[in-house]
Structure formats: structure tokens, C-alpha cells
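J.: One letter stands for each residue in the lines below.
Protein chains: 4
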Amino acid sequence: MYVLAPTRPRRTRGTPIGKHQVGIVGASGYGGAELLRLLANHPEMDVAVVAANRHAGQPVAERFPNLQGFGDFAPIDVDRIASLDMVFLATPHEAAFELVPQLRAAGTPVVDLSAAYRTPVDSFVTWHGVEHPDPDHAPAVYGLTEWTRQAVASATVVANPGCYPTATLLGMLPLVELLAPGSVVVDAKSGTSGAGRAAADHLHHPHLDGSIVAYGAPAHRHTGEIEAGLEQLGRDLGPVSFTPHLLPVARGLLATVHAELEDGVEAGAVQDALVASYAHEQFVTVLDPGTFPHTKAVSGSNGCQVSAVVDPRTNRVVITSVIDNLGKGAAGQALQNANVMFGLSEGLGLSSIGVHP
Amino acid sequence: MYVLAPTRPRRTRGTPIGKHQVGIVGASGYGGAELLRLLANHPEMDVAVVAANRHAGQPVAERFPNLQGFGDFAPIDVDRIASLDMVFLATPHEAAFELVPQLRAAGTPVVDLSAAYRTPVDSFVTWHGVEHPDPDHAPAVYGLTEWTRQAVASATVVANPGCYPTATLLGMLPLVELLAPGSVVVDAKSGTSGAGRAAADHLHHPHLDGSIVAYGAPAHRHTGEIEAGLEQLGRDLGPVSFTPHLLPVARGLLATVHAELEDGVEAGAVQDALVASYAHEQFVTVLDPGTFPHTKAVSGSNGCQVSAVVDPRTNRVVITSVIDNLGKGAAGQALQNANVMFGLSEGLGLSSIGVHP
Amino acid sequence: MYVLAPTRPRRTRGTPIGKHQVGIVGASGYGGAELLRLLANHPEMDVAVVAANRHAGQPVAERFPNLQGFGDFAPIDVDRIASLDMVFLATPHEAAFELVPQLRAAGTPVVDLSAAYRTPVDSFVTWHGVEHPDPDHAPAVYGLTEWTRQAVASATVVANPGCYPTATLLGMLPLVELLAPGSVVVDAKSGTSGAGRAAADHLHHPHLDGSIVAYGAPAHRHTGEIEAGLEQLGRDLGPVSFTPHLLPVARGLLATVHAELEDGVEAGAVQDALVASYAHEQFVTVLDPGTFPHTKAVSGSNGCQVSAVVDPRTNRVVITSVIDNLGKGAAGQALQNANVMFGLSEGLGLSSIGVHP
Amino acid sequence: MYVLAPTRPRRTRGTPIGKHQVGIVGASGYGGAELLRLLANHPEMDVAVVAANRHAGQPVAERFPNLQGFGDFAPIDVDRIASLDMVFLATPHEAAFELVPQLRAAGTPVVDLSAAYRTPVDSFVTWHGVEHPDPDHAPAVYGLTEWTRQAVASATVVANPGCYPTATLLGMLPLVELLAPGSVVVDAKSGTSGAGRAAADHLHHPHLDGSIVAYGAPAHRHTGEIEAGLEQLGRDLGPVSFTPHLLPVARGLLATVHAELEDGVEAGAVQDALVASYAHEQFVTVLDPGTFPHTKAVSGSNGCQVSAVVDPRTNRVVITSVIDNLGKGAAGQALQNANVMFGLSEGLGLSSIGVHP
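Protein chains in written order, with this note's numbering: chain H, 1 to 357; chain G, 1001 to 1357; chain D, 2001 to 2357; chain R, 3001 to 3357.
Simulated from the structure, these hints should not be mistaken for laboratory data.
Be aware that a few hints might be false.
Cβ pair distances, simulated, as ranges [to be verified]:
| hint | chain 1 | residue 1 | chain 2 | residue 2 | range |
| --- | --- | --- | --- | --- | --- |
| 1 | H | 43 | R | 3003 | 15 to 25 angstroms |
| 2 | H | 98 | D | 2312 | 33 to 43 angstroms |
| 3 | H | 126 | R | 3279 | 52 to 62 angstroms |
Virtual Cβ for every residue (Gly too), placed ideally from N, Cα, C.
Chain H on its own, in the form it takes in the complex (with noise of 0.2 angstroms):
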């Protein structure tokens, strides 16, 4: 059995006794769930609370039958949770607007998996179609921690990247200045724990077992994180057409981007280029063209392997990025940014290394 973390004083960066008191809001999605799955054997945060409103009171283990030992989901307490040393909001945008505000006001670190504070304000506003009510502190520090790590360690509230949008930069970036803009084609395939944990019609098993089907084209709002990331941390390679699929499989998220190259741009080049960007990277592996990632050679990690080919015939690159959609995707990448927000080991608690088979 788990035992929740006592209520103490918030410990400040750099102290040396005790663990960090953390919590974990919107426990009860998938997200939530897999970071408290992390987070019970890391060796320097406690889970002080495992909070979902919708699911106050239901059992963890009724949802999530790998989390055994770990009680009841508590309603959200703002006091509370202010009072830790971070807080991991796992919830639907609409919850981090209202909670967001009340956090950074009472200086709590803050890590966001919403896509409330990822992309600016104009940008959320077109691709989710309602305002930002909180226009002045969007966008947040964007938790790409690979790209953004300084910026990572000295912010207070981390927007942590979408699953999509992760495997795509990862493995566009190193590329930005060799693609030419407006040739950008993302066909993305994800499992179907990124649709979440509530049941639904087109979620539910035998109806999509065995099946893959396109969904979302073309106007899923990741496109817009895509293009809001490729221009603030690579450059402005015009709108990209994102077209993504559901797998058949729980977990695992690859990202196939096809891009023309730029003029007199070799294959050589562009290894050189994904090789540059990760060689020091722990979490990051490059594998030599022609050798493809498997999605769950990361599962259940926080790794993400790329490859890239060219075709000559084409003047094309075809970009090959997988992640754990849980993983890299969603919990992974927020305990990797939480570490750096605590100047800890980067890799504290995680693993590139999937369980596969």
C-alpha cells in the first residue's frame, strides 16, 4: 500500500532534507495515472495527493488495476495543493485555467499537461475555438525539455507538450532549416490510451480491435501546437497538414513526417543534422537510416527514437519519431521537466529504455 506523503511545510529548491511533496490533479486520466505510476518509485518526490474530482472517493485501483495500494481519489483542495512543492495538472484545459492562476499566486511549481498555456494566445484561441482567459501568461514556458531545458529549469508553471506535437518536433527540429516550408506532411498513428480513460463509443474494445482508422483531419488541434512550436524553437515552415490515426494498441505513438528537402540538400546532412541534436541526449536515440523505431521498443519509457531517409527520386525526407504517447508524450516528459524544475538528475525515475517485447 501507498502511503501518501505527510502535509509539511514546501520545501524550497535545494534543500537537502526530505523529499519533494508532490501532487498529482486529474489522477483519474490516463496521464495522471501514469504518472503516479512513475512517481511511486522516485527517489525524490512523495505523492502527498492523488486528486479527481469527478472520481472523489472511487478506489484508484478501479480504474487503473496496476495501482493497487493506492486509496481513494481525493476532490481537488486548492489550499492543499498550493502548499506542495509541485503540482502536476493532468486535467482538461478548462480546470488549468481555473487552477493555474491560484497556483502560480501562491508561487506553487506547476506542471501543466493541458494544452491551456502550450501555444500563444491567437493560436489556442483558432484551434480550440473559445478565448484564453488568461492571455497575459500565455504562453507558458513550453516543457519540450530537449529543446527548452534552461528555460525549464527557471520557470514556475511548465506547459508540457502534447503527445503529437512531441514525437513531430523531436523529430523535425534538428531538421528545420533543410525542409522547405510548405511541404510539411504529418501522418501520425497514436494507441488509444491518448483518447483517454472514459468510455466511449469508438473506444470501446472489440470495435476497434484489430482496426486502424484515421480520425480528426484536418483540423485536430495539435496542428496548431505543431506549427506554434516549429516557429518558436525552429522556424516557420508554414502550415502543416496533420493527419492522425488510432492504433490498435494501448500505448505507442510514431510520427511519419514527409517534407521536401530545401535545394541541394544531401541525405548525409540530414543525419548529420539528427545526430548533432541528440548524440548527448539520454532520452533521445537516432538510429542510421534505413532502420526504422518500433513504437514499443519506448514503451512504457520516457525514450523517443528517430530516423529519417531520403528518396532522391522525390527530394523527399521521410521522418520516422516514436514515443510512449504516456511516456515522452504525457507523463514522462512532465516528471523529466519536474526534475529539471528541481535541479535534479534529468533522467531521475525514468527510463529510455521500452518494455518490449
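We have chain H already, so just place chains G, D and R on it with the hints.
T.: Quick look at chains G, D and R alone, frame taken from chain H:
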């Protein structure tokens, strides 16, 4: 686009002109949808009614993406269905209790896929925990075709067996004289379509994908149907221990039956009894001992494959019997029974060969 | 037990007496086995030969557990097969190069499922890297039935299309006038049966289960067949970028085609073109824009479902087209072609409705 | 890139400086690869040798795409591995028979994952059909940690239990006094990784995908190990009827044990016995009766979840016990034993929480 058959007077048995007009009631469930799939290609039956009260007005293809062009579910119109040549009831037993008496009164042949009329009244009451509202007519003719085809041929109401009882009884009935009473353990595994089309927390795709779990033991309702089937068609072997499991596949059912042999029974007698029972059956195949049947070998078909192996150390036989839970375990057998009731070739519109791989 | 048809003189086209005697050569692969499954229930064809040189003498059921009672694979006897009413070649193209000339000389109709005669000689040489040994007879009539049925009807040798080209061309051909040359990206996903029956390290069950992986890019041989098909049946759209992926399912193929629209093309024109092409086709269903086809909706069938959605931001169309790689992508279409060649009803023994769920 | 530990003198138990140097022999199989995955993140052990004779020279990542950066498999160098602090043998038992005596002579601690030393010699001979070449040293200490940890702590050679025996014995051992001898039926289901990494006809992905099949009954070798384990750690319950099945998933193992209760045993006693045995165990969780464990709840972990339900009608108990066949069923338990042998915290580098969903 599938065009429903027009309204016309009921065809009397043997009438040589025109196809039989049939209706599916409860077509919004998987059993009903599978009937629609099979009947769409049947050379002697036309589907005239596709009814489902709760989903009336919804396009069939919205629930079943394979069934394009079948229009919308209709509400149940008792007068209309009573005028048909045959009605397949794929509803819960509560609805069958309402409809069967009316259809019987109208003289309309019925294949009832629900549990309403499968077992003697006392068994129904014991295992369902409610009174039987139509005790004078229960049980109806039990449509385990290979074992009851003569009764089926002259029946007006046929109770189509449950999926677990079908696989279990087909494996056991040839052997009842060889098995020791009180020793029967049925460990069964079913695809998730057996749990129905309705979205539910425990049938959520990511929740089940890649996992197997037992459920329902020790009081699953099919226990009573298995015991009744043994007693009525074979021999009372005492209480059966029945444990079902959910498999992470949409279709397929395997019943593994463990039982002690009566004293002095030899392995050869087991195989001989199986072969003797099924040598002339088109839908049941007996495999050699040591060859075990694959569930997918009968997927999408009306086939059943059975194998038995004797363990001299424990004096037990292990019978493995596979069907498609929606095929021979539901819609396939219903159509097989309908063929018999209409005096058609028993295998019309059906196959024993599964869609493998 | 399936009894092979006896030897008798070849039936001339249109002969009213008796079923057509056909043979399957290369029956130990998945394409051949699927033909055997389909033909076993065909009302107008009898399988007289089930041949597979490398597996001659092995029981069919040992390789394909759904095919019980089909005896052993026979060695290839050219005289015997040349005497049949039709031969299905489901061999590698090397064997087709040996057999097709002999069968052509004997006047025996052939549906060749290999790549031997699908494309112009120069395309074959480019994409296979070997000389074409029979250049005067290549290409044969390309059996993409919906687009070539008149030529098929009078052909002696029909080259049955590959699985990826079938799904891709069925989705693209109605739209070729609307698409911008040089802009075509095909991101395709196939079940593992497309890789054949032979055990291999990278097709080992635990290795692939739950994983998706790209392969073969940028030089998969089907690229050439897609380009040739576009040029010959539609319009030369320049080099196509083709990237296939392995899905962790046995069956099912989805081609997601991304292409720019010619200037001024409206979304309505795309849908109109699809509907116009397929409104009267029994095996191709056009879905409404925004509804995406499920691979399993056509599993085990000869159906194809196509959908297209236009993205005004990028002026691209995304076409999604699903087939069963062993159905419309191989054996199903082969049988459809054979029906046409025999002058039978095109859909005989086939269904457009997949085994879903 | 994972850097192998340098050669240095063996660390004596309790030495406070440096990590333990360990080797994996037979690392090209799934058990060995899983050890590599677990050890890569272990805080107190360094992998110094990754050996596999048949695959020496092949990159580890070529066989296991999750294990990037681990270099090539090395050939087995007995002197080198004998100098290590511990050797994990993940080889077939034939290789263990060669290596264990040499390592024992060198005083090198061994965790042997093969069947070589698990059972008394007569049981080994009976179930493997060959002589035991090292009868004076068999059985070694049986490493079912929860039941033998004191013996493990002082052992030099530990025989790591098989996957089926682990799940079965963990479920049964608390209850042996309550079960009727001669009544035990074990119906077990395993993921395909239990069958090893080598490609094989019956383990071909499309062949198994979506299918379940029994195998090996009635003479699977693990039967003898289960019987020996019951007798040595619990109580001789007579011959056990053991029937394994292959599940269409890579990982996960469920043992469903059916047994009669001794006269007068009440349901409460069953639950009490389970809870009493495991209340203080970190890796074994007892669920409430009526809640059944999911295999995926322990996937990728060293956890085991057990549940039991009593059927008063048949006086039988149904015990369901799940593990990851590569975790608690192989590499996880091996590491747990190694932790105990080194005097480390038993759970170091391990988790009881599976990667679900």
C-alpha cells in the same frame, strides 16, 4: 446499398417462389449485426426488418462500420414482424419475454438468441434470480443444431444456445458417458464482443488491450445452461465449475474442459466418440489428439473445432473446443437453425472455414 | 473434408454444365490459402489442384488451421494445371515467369497474383533490379477490376494488382485530374499477413505485437506499380513518395494519401468525383467527408471503403482507403477477376461486408 | 550508449565501494534481454558482460529494438564471467549444465534461469527425458523469493523458477492445507514471449494474432516443477493436471487454478490464508474475492496479483494469479533473488506496478 424486402404475405414453408422474408430484432447489438452480415449474402432469405428500439433512427453504419448502406435502425413494430416468415430475436431476454408470446400467437417462426427459453424454468429462476413470466412454454426447443436438428425442424420457437454452452456442449456431449460426474471444470476464454456493443468502463479499448482477466466466477449464468444442456442432451454430470475469461480480441471463444474419466476409459475411446459424433457434420471438425484448435481458425464462420487429449497420470481428459462467439456461438447457429426450420440446406449462407490469419 | 474436383476436359467459356475447374498454384502462402477459403464456398468453381512445390506433401491444415480437410499440398504438375479452366498463380514472380508462358501457350486462363506482369517492362526492371524474361507480354491486363473490367473480361492472363497499389489507386484514380503532380505522398499501413507465411525474425509474434514500424522506404517496389497504375489508368502525377508501415494486426490495409489540389479545386468536387466513380460499384463504398474508414470494416471481404477530406489551410486532400490486403488486395480481387473472365456475376462468392468486430 | 563495466576484482558481499559487476549469459533470448533492461537502471549493479554464443557479434539492438546502444553480444568467456560478482544464466538448461559447475568451482554466485537445477533429479529425468549430469547438486536453492528468501540469501547457486510455476505456486502455496489432494487443475495462459525469441512457424505474427490456442498438454515440463514446488514448499497434492495456452499478446501470464476444498473449509479461510501470506510482501498483492487480476496490471513489473473465489455449489476454489512471464516469471524474480544474495534491499531496481494500460 442494401434494400429491405418489401411487405408481402408470409411465405408458407416450402413455397417455391421468392425468398423468405425475415426480420432482425435487436439489430444494434453484435449478435444482430452479425446476422445482418450473414443474411445480406444469403441466397434464400431477405432481410425485411432491421429493428432496434433504443437505437431507432440511428444509421446502422454508425454502430457497425462494415454495414454500409443498410439505412437506419427501425423501431420494433410487432404487427410488422409478426407478418414475416421468420424473426430473429437478438434482444435481451426481457424483450424476448414480451415478443415471443406475441409471435407465437401469430404463428411466426422465431429464433430467439436470448436466454429466455433456453433452460427449464427452475434453472432460469436459479441463475437469473427472477421469475419466468412464461413458464408453460419454457424450455423451447434448444437449437444446438447438431444435437437437436429434428426438433428444430419442426419447431416454431427455437432457443438459440449461448456462446459458452455451445462450445462446451459440442466438446462434451460425445463424451458424457466417459466422464466422471462431479469432476467437470470448464475454463473458458472469450473475445470481448461477447460482452456486447455498449461502451463500458471495463470494456474500454486501452483498458483491455493486451490483457486477459477472469470474470463472473463462480456464478455466471451460462453455468446453468451448460448443466441443463448436459442433462437434457447427454447425461447429468452434476454441478459444473465454470470460469470465463475475457480475451483481448474481438472474436473467438475457447472452452477448455477438464474432467476425470470414468474408471477404465482409454484414450482411444475418447477420440472414437468424438469422431463418431461429428464425422458427418459440416461445421464441427475433430482434430487429432495433440493438435489443439486455434480460435481464429473459425473466426467469422459457423465452424467449431474440437480436440481432446487424455492424461494418464491424472486420469483426466482435456477437451478444447473453439467457435466464433458471434458465429456458431450466436448468429451463425441462429442462421443454421433457420435454414433447418425453413427446410433449406443446413449450411446455406454459412461457412465452416474461419477468416484466418 | 474438401474433395478436389476430378480431372475432366476443360470447360469452354459459357458451357452450362458443371462447375469450372480451377487450380491454385502457390497455395502455401497467405494469398493462395485465402483463395482456397473463398473458392471452397464458390457456387460455380471447383478447386481441382492445390499446389505448392516447397510444401508438397504437407497437410494444408498444418499451415492454415482454418483449412481442415483439404488434404496435402501437391507438387506443381504443369500438364495438369494447363488442363484446367483457370489457374490462380499465388507464387513469387520468379515462378510466374516460368509458368505463365506455358499456360499461355496452352490457352489456359491465368490470374497471376505476382508482380511479374503488372507493370511495363522498364518499370519492372527499375523496381525489381532484374531483367524481365518475357518482355513481349508485359504488361498483361491489369486486374484492378473496377477500372479495367472490360479488358479483364477478354483477357487470358490477368495481372492481379498488389495490395498497396489496389488501396491507393482505388482512392486516387477518381481524383487524378484534381491533384497537383509531384505532390503525392502515400503513407500506408498494412497487416502482417502482407509479409507472407514464412517465419522470420522481424515477423516473430512477440517482436511485433503491439508495435507499429515503417519499413521499405523510400524504395518499396509497389511505388513503381502505383506510378504505373496512375499513368495508365488515370494521369501521370510524377514520382510518388510511398512509405509503408507494418501494423500489429494480421489483416487490413489503409492507404492514407496526401496530395495538393490543383488550383481552384473545391472540396465538393472531390467528393463528387469519388461518388461518381463508385456509385454503382458493389465493392467500393464512398464515405461522407469526415467519416474515416476502419480497416476491420472490410476484413475478410472484397470490400474497399474510401473517404476524402480537404484541408483549405494547406490546399491538400487526405484520402483514406481501406481494404483487406488478402481480400481486395489479393485473393478477393483475383476471384472478382476470375468471375469476370468466366462471364459470371462479378460478385459471386464474394462479399463487400467485412467481418467486424 | 550503455558502457559495460570494466574488469576488476570481484566485490565481496558487503563491500561498500563500487557497484556489483554482473554478467548476463544467454542475453539474446527474451529473459536475458529483460535482465539487461532492468539492470541498466539498477543503482547497485553494473552489467559487465552481455554474452550469447549463437549471436556473438550481432548488435543487441538488432534483436531488441528497445536496447539501443548496448553494443554487440559477446561470446561466452568462462574465465571472464567467473571473475564477476554474479552471473545470470538465461541459457537453455544444456548450457547451464556446462557453466554452473565451473562457476560453482570458482565460487561465483549464479542465478540460473534455466530448468537445470530447479527440481529433484528424478523429477528432472521424468519430465525432460534425459539424465541429469550433475545430480549431486540438484536441486539448487529454488528462488521463489517470497517462500525461500532465507535460503536464497545464503545460496551460491539459485535456480530461478519457471514462469508457470511462479504464478501457480504463488497462488497455491498459501492454500495447500485447504485443498483436496488429487483435485488440482491448472489452466494457464501465457504471452508469446514465453516461447522465446527464435522465429518459428507457429509463432509467426499473423498466424497467432487474435488467436488463442492450448499446447503442450498433458506433458508440459512445468507440470513436474509445479508438483515439486508444492511438495517441497507446501504439501504434496498429488499429480497436477496442467494445461498451458498461448495468448495473442507478447507478455503476461495468468494461472487459473481450480481445486476442490477439503471438507469444511470456508470461503473466509481461503482469503485469510492469502492475506496472511502476503500482507507484508511488496510484490504480491491479494485482491478481494470477486475482483480478478488483469495480466497487464503487472506487465513490465515484478508484481504478482492473486485472487481467489470459492464456489459453494462445487466446493471448489478458483485461484487466479497473474505475473509478467518475463518479470516475476523470469528476469524480475532473478533480479529480486540477486538483490537478496547481495544483501541489498530486495526491491531495488524493481517495481510492483505494471505498465498499464
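J.: So, for every hint listed, does it hold in this structure?
T.: Hint-by-hint comparison with the structure:
At roughly 22 angstroms, the beta-carbon separation of residue 43/H and residue 3003/R lies within the given 15 to 25 angstroms, and the hint holds. Taken as a hint, the range 33 to 43 angstroms holds for the pair residue 98/H and residue 2312/D, whose Cβ atoms sit roughly 34 angstroms apart. Restraint check, residue 126/H to residue 3279/R: a C-beta distance of roughly 56 angstroms satisfies the suggested window 52 to 62 angstroms.
Of the hints listed earlier, there is not a single one the structure fails to meet.
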